[in-house]
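Knowing the structure of chain Y, use the given hints to seat chain H on it.
Here the protein sequences line up with chains Y and H, keeping their order. So the first sequence is residues 1 to 189, counted in this note's numbering. So the second sequence is residues 1 to 343, counted in this note's numbering.
Note that these hints are calculated values from the structure, not bench results. Mixed in with the good hints, there may be bad ones.
Which chain H residues stay away from chain Y? Per the calculated CB distances, all over 12 angstroms, these [unchecked claim]: (1) I107; (2) E108; (3) L119; (4) R186; (5) R187; (6) I290; (7) N293; (8) G300; (9) T306; (10) A326.
Not everything, but these chain Y residues come out facing chain H in the computed CB check (under 7 angstroms) [as the list claims (entries may be wrong)]: (11) A47; (12) A49; (13) T102; (14) T105; (15) A106; (16) E109; (17) G110; (18) L126; (19) D127; (20) V130; (21) V160; (22) T161; (23) P168; (24) Y176; (25) A177.
Coverage of chain H stretches by chain Y, computed from C-beta distances (three or more under 8 angstroms per stretch; other residues unrestricted) [as the list claims (entries may be wrong)]: (26) 80–93; (27) 145–151.
All C-beta atoms, glycine included, are put in the ideal place defined by N, C-alpha and C.
This is what each chain is made of:
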Amino acid sequence: MLAFLQSRLRGESKFTREEVIEALYRGLLDRDPEPPGLAAQLAALEAGAPLHQVVYGIGHSREYFEMWLRGGDPPALATEAWRAATRHPNEAHIYFLHIMKTGGTALVEGLSALAGDRFCLTQIFLDHMVALPPVVLESAALVAGHLGIEAREFLPAGTVTATALRDPLGRVLSHYAHILVDPALRPET
Amino acid sequence: MCFPTTPISWWTRHSAQRLKGLSLEEFVHSRRWRPLSENFQARNLVHRVGLYGVWRTQSPEQMLAELDPAIRPADPRLPLQASFDRGPLGISEADLRDASLAALDSIEYVGVSERLAVLFSSLSRIWGVENPPPLPVANVSIHRLDPSGVPRRLREEILEANAVALALYEQARVRADAAASTQAGRRAVQRQSAPAAAPATTASSGVERASDPGGRNRSRGRAGTAAPWPSRLDRWGLVLAVALSVVVVGLDLILSQQFILTHLLVIGPCIALFTTRWPATAAIVVAAVIAGNLLAASDGVWDTFTDLSGLITLTVVSMTATAAAAAMARSRVRQPQARLYPS
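Excised from the complex, chain Y in its bound form:
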């Protein structure tokens, strides 16, 4: 999608830069851009800023965050987590300490598929975990992520911990291969 928009910006089609900025504002912020905002974004593009930087800026603005928070409805999330936990009152909660490149994603996907009406927090990172309301964290039947051993202390008593290890050579090679194809980790970024 981004590549498509970028090709439009390079003048390869009928979309103008103004139209692309307007589409981003309407899609992400649900409004038309105000004249100063439009001018600033256009100036950034004129100066050679890549389009993904503009999208990133809008997606990380205070306005976008506040809109997401209102739309996300944290009380409803807590209610859902609590209700799911009360449906399985006698089950131990599972914390999967997922070490990168050990095959944990397959395991988490397998567990998620089995979870049924249980509330699961998977693929979360430490930045997410420390920001989650305790009721959500403590109601989850499954918490999985690259969260390390310390994360156990945030989970309810009785939570069982699981982890998978891999032969170190294979893991290092896999991690290296992963970094090469992950845009967020590439050496160039």
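Same frame as chain Y, now just chain H:
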């Protein structure tokens, strides 16, 4: 000393350097990447970043700013995670070994990557699932490196830098083997107490798959999530396809020359395609074409326009159904690869 190398392993070693600007040597040796390549598994078991203090006494951005710039990620979208993954451990290797082995001991369920189904089976029992389905294939690097293609010197350096991780892995293997034995014993008892259990259930169980690496590779590597034998739904689909084909043949024989029903034989392949078992679909196609020819002879329309149009329609639709079944089978085993963050 010279080491034999295959073209593929050479490519995996060298193409990365050319294409992305990061060689395996750099990944292993540079300060920037070393936290990820040196005893990373041990780090996950011992590293503490003071989570209770986050957003109380310090912000993740502050924590990241305190990191050595040489190891700080250029795009810190998850600063706390980056601090955990890359921050200094601050303990000696001996202490790391003791602490990580103790931490591993404190973990209730420990598995190893090559026997992940055993761990999956153990965790599934917590949720009351005795025989979980096969694990999906997920997040497998598309540029997998063959360890045998890595120069011996570099391989030894990696292992040396991961001596603690190796000790952890050996301990994890012992525990995974014990868990597999326990599960195998439990399943044997189940089989004895329920001899009429469906073979498909036991064939797809995690323990058997895990104890048969060849079978596991076949299932995960080539066939992906597809079961080695047709599922119950697939079997019924194939039975229905054959049954309806037989009905069409029977009707045509009964109605003789009053009605030519050759075209209707497409129903078999069309139903079979939804099972996504292309060999079975192809077998039904062959049977349908042979039956179409026999019916044409029986109906006395052999080598007429009616016969040819019917057979051409049957052949085209049937072959399309076989191709569609093969395409559906391929798309069924494909897994999403794209992820924003490593996992």
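Here's how the hints hold up against the structure:
Distance to chain Y contradicts I107 of chain H as a non-interface residue, since its nearest Cβ pair spans about 5 angstroms, not more than 12 angstroms. Non-interface status of E108 of chain H relative to chain Y is broken: a Cβ of that chain comes within 12 angstroms, the nearest being about 4 angstroms off. Interface exclusion of L119 of chain H from chain Y breaks down, the closest Cβ pair being 6 angstroms apart, not more than 12 angstroms. Residue placement check: R186 of chain H keeps its beta carbon more than 12 angstroms from all beta carbons of chain Y (closest about 18 angstroms).
For R187 of chain H, the shortest C-beta to C-beta distance to chain Y comes to about 18 angstroms, beyond the 12 angstroms cut-off, and the non-interface label holds. Annotated as non-interface, I290 of chain H keeps its C-beta farther than 12 angstroms from every C-beta of chain Y; the closest such distance is 42 angstroms. Every beta carbon of chain Y lies more than 12 angstroms from that of N293 of chain H, the smallest distance being close to 46 angstroms; the non-interface claim holds. A cut-off of 12 angstroms between C-beta atoms confirms that G300 of chain H is not in contact with chain Y; the least separation is 56 angstroms.
Every CB of chain Y is more than 12 angstroms from the CB of T306 of chain H (nearest about 51 angstroms), matching its label as outside the interface. For A326 of chain H, the requirement that its beta carbon stay farther than 12 angstroms from each beta carbon of chain Y is met, with the minimum near 25 angstroms. Hint on A47 of chain Y is violated. Least Cβ distance to chain H is approximately 20 angstroms, over the 7 angstroms limit. The criterion of a C-beta within 7 angstroms of any C-beta in chain H is not met by A49 of chain Y, whose closest approach is roughly 16 angstroms, and the hint is violated.
Checking T102 of chain Y against chain H by beta carbon gives a least distance of about 5 angstroms; that is within 7 angstroms, so the hint holds. Checking T105 of chain Y against chain H by beta carbon gives a least distance of about 4 angstroms; that is within 7 angstroms, so the hint holds. With a cut of 7 angstroms, the hint placing A106 of chain Y at the interface with chain H holds, because the nearest CB-to-CB distance is about 4 angstroms. Interface restraint check: E109 of chain Y against chain H, minimum CB-CB distance 5 angstroms, threshold 7 angstroms, status holds.
Against a cut-off of 7 angstroms between C-beta atoms, the interface hint on G110 of chain Y holds, since the closest Cβ of chain H lies about 5 angstroms away. The beta carbon of L126 of chain Y comes within 4 angstroms of a beta carbon in chain H, closer than 7 angstroms, and the hint placing it at the interface holds. About 4 angstroms separates the beta-carbon of D127 of chain Y from the nearest beta-carbon of chain H, less than 7 angstroms, and the hint is met. With its C-beta approaching chain H no nearer than about 5 angstroms, V130 of chain Y sits inside the 7 angstroms limit, and its interface hint holds.
A least Cβ separation of about 4 angstroms between V160 of chain Y and chain H falls short of the 7 angstroms threshold, and the interface hint therefore holds. Of the supplied interface hints, the one on T161 of chain Y holds, with its beta-carbon coming within about 5 angstroms of a beta-carbon of chain H, less than 7 angstroms. The restraint placing P168 of chain Y at the interface with chain H holds, with a minimum CB-CB distance near 4 angstroms, inside the 7 angstroms limit. Checking Y176 of chain Y against chain H by beta carbon gives a least distance of about 5 angstroms; that is within 7 angstroms, so the hint holds.
About 4 angstroms separates the beta-carbon of A177 of chain Y from the nearest beta-carbon of chain H, less than 7 angstroms, and the hint is met. For a cut-off of 8 angstroms, the count of residues in the segment 80–93 of chain H with a CB near a CB of chain Y stands at 4, and the three-residue condition holds. Only residues whose beta carbon comes within less than 8 angstroms of a beta carbon in chain Y count, and the segment 145–151 of chain H has 3; three or more means the coverage holds.
Hint check: violations occur at hints 1, 2, 3, 11, 12; the rest are consistent with the structure.
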